[in-house]
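*Asks:* Sequence:
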Amino acid sequence: MHKGTLLGFDFGEQRIGVALGEPELGIATPLATINSDSNEVRFAAIGKLIEEWQPTGFVVGLPTHMDGNAHALTALCRKFAQRLHGRYRLPVWLVDERLTSVIAESLLEEAGVRGRKQKPVLDQVAAQAIVMAWFEEPGERLG
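In this text, residue positions in the sequence shown follow the numbering used here: the first is 11, and each later residue adds one.
Treat each hint with caution, since some may be false.
Quick list of in silico lysine to aspartate or glutamate cross-link-like pairs, EDC-like style, CA-CA up to 20 Å [unchecked claim]:
hint, residue 1, residue 2
1, K13, E61
2, K13, E146
3, K89, E146
4, K89, D106
5, K13, E150
6, K58, E32
7, K89, D47
8, K13, E62
9, K58, D47
10, K13, E34
11, K13, E147
12, K13, E32
13, K89, E50
14, K89, E150
Don't read these hints as lab results, they were simulated from the structure.
Using the sequences and the hints given, assemble the complete structure.
*Replies:* Structure representation (structure tokens):
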């Protein structure tokens with residue numbers, strides 16, 4: 011098992027959800043949503059989270075079609091994961107994220123967060139679901 015804190019990412023072209031994972035405890039917590047399509051802004055925000063939380067690795071949800079085939083966002087997400095690894099020299103795991111948005115919506119519904127109130131936190135709860143999926147099956151590792 012991986013030791014130390016993980017940052018999990020639900021990558022999107024406009025927003026990136028971020029969650030905190032503690033593998034030794036099996037706990038994942040929503041952390042932040044980065045709202046920007048600028049890589050400079052995104053990586054500045056990620057750098058601040060890394061400084062604050064001192065992660066020992068990253069988990070990135072890899073989007074695919076329901077049949078497992080890649081789509082346009084799949085390649086962008088892989089590029090994002092490679093950039094994380096290249097910049098911070100920490101291991102990165104790619105995890106199948108096909109149902110994480112559905113899980114995130116369900117978790118928010120259970121917490122009483124509905125409709126428009128879900129939007130600001132949906133991506134970070136999806137990132138939480140991605141980290142929880144990593145606890146079950148770590149997936150593909152970069153670096």
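*Asks:* Hint by hint, say whether it matches the structure.
*Replies:* We went through each hint and held it up to the structure:
no. : hint        : in the structure
1   : K13 to E61  : holds (18 Å)
2   : K13 to E146 : holds (15 Å)
3   : K89 to E146 : violated (24 Å)
4   : K89 to D106 : holds (16 Å)
5   : K13 to E150 : holds (17 Å)
6   : K58 to E32  : holds (19 Å)
7   : K89 to D47  : holds (14 Å)
8   : K13 to E62  : holds (17 Å)
9   : K58 to D47  : holds (17 Å)
10  : K13 to E34  : holds (7 Å)
11  : K13 to E147 : holds (15 Å)
12  : K13 to E32  : holds (8 Å)
13  : K89 to E50  : holds (15 Å)
14  : K89 to E150 : holds (14 Å)
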